[in-house]
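Engineer: Sequence lines, in order, name chains A and B. Every number in this note's numbering is 773 more than the matching position in the first sequence, counting from 1. Every number in this note's numbering is 164 more than the matching position in the second sequence, counting from 1.
Errors might be hidden in some of the hints.
[Stated by the list, open to error] Cut-off 30 Å, straight-line C-alpha distance, at most; resulting in silico cross-link-like pairs (DSS-like, lysine-lysine):
hint, chain 1, residue 1, chain 2, residue 2
1, B, K165, B, K266
2, B, K266, B, K232
3, A, K830, A, K774
4, B, K232, B, K165
5, B, K165, A, K774
6, A, K786, A, K830
7, B, K165, B, K206
8, B, K266, A, K774
9, A, K830, B, K165
10, A, K830, B, K206
11, A, K830, B, K266
12, B, K206, A, K774
13, A, K786, B, K206
14, B, K206, B, K266
Treat the hints as calculated values from the structure; they're not laboratory data.
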Amino acid sequence: KAGVTQTPRYLIKTRGQQVTLSCSPISGHRSVSWYQQTPGQGLQFLFEYFSETQRNKGNFPGRFSGRQFSNSRSEMNVSTLELGDSALYLCASMSGGNNSPLHFGNGTRLTVT
Amino acid sequence: KQEVTQIPAALSVPEGENLVLNCSFTDSAIYNLQWFRQDPGKGLTSLLLIQSSQREQTSGRLNASLDKSSGRSTLYIAASQPGDSATYLCAVRGGMKTSYDKVIFGPGTSLSVIP
């Protein structure tokens, strides 16, 4: 089974621009969650989608948004980029039950200049 | 609010040594706890998941234990190898005042195994 796939692997953007990141979950997994990882704040939960509905949301500003498609693929969008948005963005998929393990992709490294 | 801590922040051991990594959480009403390893610049690799009703899980040289009442989990690595060098993170799902959907991560322990 293919793992979680995130594209692109690297992105360089300038302040004020917007960016869209993509995540394809493991086949059959209906839950996709997004995390931001920075050296200062560690891994922080952004949001989770299940069957195209946002099930939970972390404490990030409205500039961070996401969606999930009927094939469970997910995108996250960051608008009006700030320097502090530079981070590794990780996507994880899960089969759906409370006690299912999370499976992560290799992430997208976003650099904002 | 659920908080997760990991001690030590960094650990360096000679090859072959057995070692223990610690994870503590403040809210014991969790659904599960998962251990991951992360290699530099990469995503997280799932190692073990312990459900709230379980006390331990084993996979090869790894053994993870969970004591919900005290808010602690340990990851035991037997006969460490240089390939075990990575950052190890624990993550807790749920809590009394936390939606079961939320997963809170600890800051990680950076492990170096010296040949």
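Engineer: Take the hints in turn and mark each one as holding or not.
Structural biologist: Hint check results:
{"no.": "1", "hint": "B:K165 <-> B:K266", "result": "11 Å, holds"}
{"no.": "2", "hint": "B:K266 <-> B:K232", "result": "18 Å, holds"}
{"no.": "3", "hint": "A:K830 <-> A:K774", "result": "29 Å, holds"}
{"no.": "4", "hint": "B:K232 <-> B:K165", "result": "16 Å, holds"}
{"no.": "5", "hint": "B:K165 <-> A:K774", "result": "36 Å, violated"}
{"no.": "6", "hint": "A:K786 <-> A:K830", "result": "25 Å, holds"}
{"no.": "7", "hint": "B:K165 <-> B:K206", "result": "29 Å, holds"}
{"no.": "8", "hint": "B:K266 <-> A:K774", "result": "26 Å, holds"}
{"no.": "9", "hint": "A:K830 <-> B:K165", "result": "15 Å, holds"}
{"no.": "10", "hint": "A:K830 <-> B:K206", "result": "24 Å, holds"}
{"no.": "11", "hint": "A:K830 <-> B:K266", "result": "8 Å, holds"}
{"no.": "12", "hint": "B:K206 <-> A:K774", "result": "19 Å, holds"}
{"no.": "13", "hint": "A:K786 <-> B:K206", "result": "21 Å, holds"}
{"no.": "14", "hint": "B:K206 <-> B:K266", "result": "22 Å, holds"}
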